[in-house]
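A.B. asks: Given chain A, work out where chain B should sit, using these hints.
Next come the chains, spelled out residue by residue.
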Amino acid sequence: MNITRRNILKLIGGSAVGFFLTPLPYKVLDDSSIWTQNWSLTPPLPQGPVSIKYSNCTLCAAGCGVKAKCVNGIPCQLIGIPRHPIDNGALCARGLAGHHLVNHPLRVALPQKFLHKSPDSAMEPISFQTAVNEIASQIQKSNGAIAVFDQQPGRITSEIYFEFLNQLSNGIYATHPSREDATLSTLHEMIDKNNAKLGYDFENTQLIVSFGAPLLDDWGIPGRMRKIFGKRKESGLKLIQIESCQSRTALQSDVWLPIKPDTEYFAALAIANVLIKENLVLLAALRQITDFEKLKHAALQFTPAQYSEITGIDFSIIRQTANKLAQSKSAIVLSGPNPGAGPFNNETEKAIASLNILIGSIGTDGGIVIRDLQKENKNHIARNWNAIQDHSIEVLFIDSVDSGYALPWNLIERKLQPQHTIISLSPYLNEIAAHADYILPSPAPYESLVEVPAHVTSNVNSFSVAVPLFAKPETVIEPENLFKLITQSVGMQLEIPTTEEAVKQKAEKIFSTKRGSVFSYSDGTTKPVSEFLSADDLCKKLFEGAAWSDKPNNSHHPFRFTLNIAAPKNVPKTTNSLVLIPQGWKVAVSSSSISPILSKLFQESELRENAGTISINPETATRYRLRSNDTALLETEEGKMNVRVKLNTSIQPGVILASVGPALNETNFSDATYNDVLSLCTISDHGTWRITQAKVSKI
Amino acid sequence: MLKRKLKIALPSTGKFLFGSGFAGMLVIGWFIFPMVLYKSEPQPIQFSHKVHTGEQAGMACEDCHVISDDGRFLGIPAVAKCAECHSSPIGESANEKSLVENYIIPNKEIPWHIYSRQPDNAYFSHASHVRLAHLKCEECHGPIGESARLKVYQVNRISGYSRDIWGENISGIPSHPWEGMKMDRCVHCHEKNGRRDGCIECHK
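Residue numbers (the numbering used here), protein chains in the order written: chain A, 248 to 946; chain B, 2 to 205.
Hints are not guaranteed to be accurate.
[Said to hold, decoys possible] Okay, the calculated bits of chain A under chain B, using three or more residues with CB under 8 Å as the criterion:
1) 262 to 268
2) 291 to 301
[What the hints assert, rightly or not] Simulated pairs of lysine to aspartate or glutamate, DMTMM-like, Cα-Cα distance not exceeding 25 Å:
3) 40(B) - 277(A)
4) 543(A) - 561(A)
5) 300(A) - 121(B)
6) 474(A) - 198(B)
7) 444(A) - 410(A)
8) 478(A) - 198(B)
9) 761(A) - 784(A)
10) 541(A) - 501(A)
11) 300(A) - 85(B)
12) 316(A) - 97(B)
13) 183(B) - 277(A)
[To be verified] If you want a taste of the chain A side facing chain B, the calculated C-beta under 7 Å gives, among others:
14) 249
15) 258
16) 278
17) 281
18) 282
19) 284
Treat the hints as calculated values from the structure; they're not laboratory data.
The C-beta atom is built at its ideal place from N, Cα and C for all residues, glycine as well.
Chain A on its own, in the form it takes in the complex:
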């Protein structure tokens, strides 16, 4: 046999062909992939008896019911509660992974103090008592305001904040500027001498005109919205989305009106213009408005052609929209803050809210209904963050929970005195907590008892309890216990109930009204409150896992409205420069609020963009010589940062959509080099940050 180089190659070739006709390569590949599951770094799952616990998600104010499958008492899986009357048994992606948050890498497990005021200052552990003494001394000698920033108002903890601040002459209770009930709260302010709580009767409405509200992207109670829009074919519900970008909600709407950025105020006035000029305003509505002439003056200030020019929407489409609103049996007009870009300014909110009054949707089925007529304590009036005087706060407490909406640090900073103390109660070192002087960590989600009141957009009252699924570490403290220590140290006489006591009081109140019914999580049954033997019996049921929901109010109250609509002073100028619009996803605008294991949504698949990504139209990209995945320099008057470019044809030319998503895993927020896109946004005089002039260039 003649062995040549060519023959050896033939032997190898034959072996190679044979190799792929055997199971060897495929089996080794399969086994190797399974082998990777057994690496020592892979955390082993707990083994042991399986049990079921019930609770409620507190990652956002929706408070969805949760069934937790536990192994050895440790929750391993969270799912929704089928047939839940409020959330319809749905949990969002973040809620499904809510039990991961106790082990979040950004968790702060000990009380900490930042050594000095600089972004890269180090934290050092401090005892609760020492921290409380230092903070109490700061409160006692303060000349400026003492503020509490409550990110989920309406809870029992919020009541404690009120009581604490009421005892101070310089207390400020502040809420997040981004509110899902922005239209409702604007209407509430327009109502004369009334404290009615309002809600959206989406279940019975025929038409929703939404100014940028991400209704189909986890807005409000996601399960409720999913159910309502899931039945839109049968119910005949139509959605008109007025938004500058083709968001997920715009994509699923019946009509998307691509408006020029930041011209929603003019679009709302244009609709009012048609309603007024074509006599589509209800006579009854006219009688309810005390200052209709002001609105008329504002709406008729521009011609149809001018409105078209300003908003970028053909006036015939605006006319059609107004006519649909007037002719629809029931309709709702609402605004919604973008989780990243934040709220509209007050004037825009007022213009949008007043459309509901013009079409007579207040107090009607399928419109904006009265949820509750309970009187509120006037001392408890919350102040929107923007309503606070600049440079007035000396001591600021930032609440432990997350609103789910972004807030630029610049906006907080402008309200602070030069010498200030910030106390974060967050269990995580996130983008805001990194600016604090003290981090006094609260328990993480599912580590403490938390009450879940009705969602602010809900049309009925409800109440349930999030019972802990994990034991909390001894090194964290509930906000009510922290404020108990502070009040004692300051020398205040304040009775602060525990959450358990407050829940019992709430149960007694519900029991005494005998209203509504209680839905049991374990067996899916509903029992009227009148059939409970005692308040204790009702309370026990709530702790076991249940949701109380009231029956609809159905009251028709004769309201009087003062709109206070101001005529537009300035028409937005057309500019050739780029505009930066932050874009986020509810409860995912902060790295600490989602499980880092949700990397499939963010870091791998990019179904949702990470922080540090911008999306632009290919036309804009060509203009600035950018290509997909290029690294570019994004500059505004506030600063600059490096970003990754993505191309998206659904974005208007000239617009930069910058993602306010979670930062990449292992990002250090207290690092001086860390920069998020919100810090590049210009804060307007109205306290909004929706639009910023920007430049982009290839690096």
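C.D. replies: Just chain B, lined up with the frame of chain A:
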């Protein structure tokens, strides 16, 4: 002449080597590779299902492999269950003696090698399949209740799981409907029965 004929009949060296490589690799892949891949490990004692399910004892599968009231499958019975009948040796076999002396008297669990052990991220509910889907044990486990001896436990040297997960046939094509416990088998059966499940049904 003969020499010439032979020369025509024999392939060239190159073709021969190509064929040898091809055939050699087939032998390695189909016969030698499984022998190398799997390592045999003896069970701690021998066990006859046949003796227990046959006329002698007349037991049913669920007498030992219990699904508890709350739906948990208790798997291989604890030694206490064996002790209900085997508190003292029944017969004189070495296995019987070992069972009583090494496990029942010291109340020590038998370290069985589990043929069906799955990765931790795969959840399987016996209760759903037996009580709700009314599957019989044999449909997935074959006629194991009639076996007189436990078959040799073979562990995959790479993945660490039993050969029964992949199936007896190295090609992955089952010789019997109950062979193999890979995900494609679950998917195939679910599709056949009109079930449309998401990932989270089995992977938590």
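A.B. asks: Take the hints in turn and mark each one as holding or not.
C.D. replies: Cross-check of the supplied hints:
1. With a cut-off of 8 Å between beta carbons, the region 262 to 268 of chain A has 6 residues touching chain B; three or more are needed, and the interface restraint holds.
2. A stretch counts as covered by a chain when three or more of its residues have a beta carbon under 8 Å from one of that chain; for the region 291 to 301 of chain A and chain B the count is 4, and the coverage holds.
3. This hinted pair checks out: residue 40(B) and residue 277(A) have alpha carbons roughly 17 Å apart, not beyond 25 Å.
4. Between residue 543(A) and residue 561(A), the direct Cα distance comes to roughly 21 Å. Compliance with the 25 Å bound is thereby established for this hinted pair.
5. Restraint check for residue 300(A) and residue 121(B): satisfied, since their Cα atoms lie roughly 21 Å apart, inside the 25 Å limit.
6. A distance of roughly 20 Å separates the Cα atoms of residue 474(A) and residue 198(B); the hinted pair therefore holds under the 25 Å criterion.
7. Distance hint between residue 444(A) and residue 410(A) is fulfilled; the C-alpha atoms sit about 21 Å from each other, no more than 25 Å.
8. In summary, the hint linking residue 478(A) to residue 198(B) is supported, as the alpha carbons are separated by about 22 Å, within the 25 Å threshold.
9. A threshold of 25 Å between alpha carbons decides the hint, and for residue 761(A) with residue 784(A) the separation of about 13 Å falls inside it, so the pair holds.
10. Distance hint between residue 541(A) and residue 501(A) is unfulfilled; the C-alpha atoms sit about 33 Å from each other, more than 25 Å.
11. Annotation: proposed proximity of residue 300(A) to residue 85(B) is violated, straight-line Cα distance about 35 Å (limit 25 Å).
12. Pair hint residue 316(A) plus residue 97(B) does not hold up; C-alpha atoms about 40 Å apart against a cutoff of 25 Å.
13. Under the criterion of a C-alpha separation no larger than 25 Å, the hint pairing residue 183(B) with residue 277(A) is consistent with the structure, at around 11 Å.
14. Interface restraint check: residue 249(A) against chain B, minimum CB-CB distance 5 Å, threshold 7 Å, status holds.
15. For residue 258(A), the interface hint holds, the least distance from its beta-carbon to any beta-carbon of chain B being 4 Å, beneath 7 Å.
16. Restraint check, residue 278(A) versus chain B: the minimum CB separation of about 4 Å is within 7 Å; hint holds.
17. Hint status for residue 281(A) relative to chain B: holds, with the closest Cβ pair at about 4 Å, below 7 Å.
18. Nearest Cβ of chain B to the Cβ of residue 282(A): about 5 Å, under the 7 Å cut. The hint holds.
19. At a threshold of 7 Å, the smallest CB-CB gap from residue 284(A) to chain B is about 5 Å, leaving the interface hint in force.
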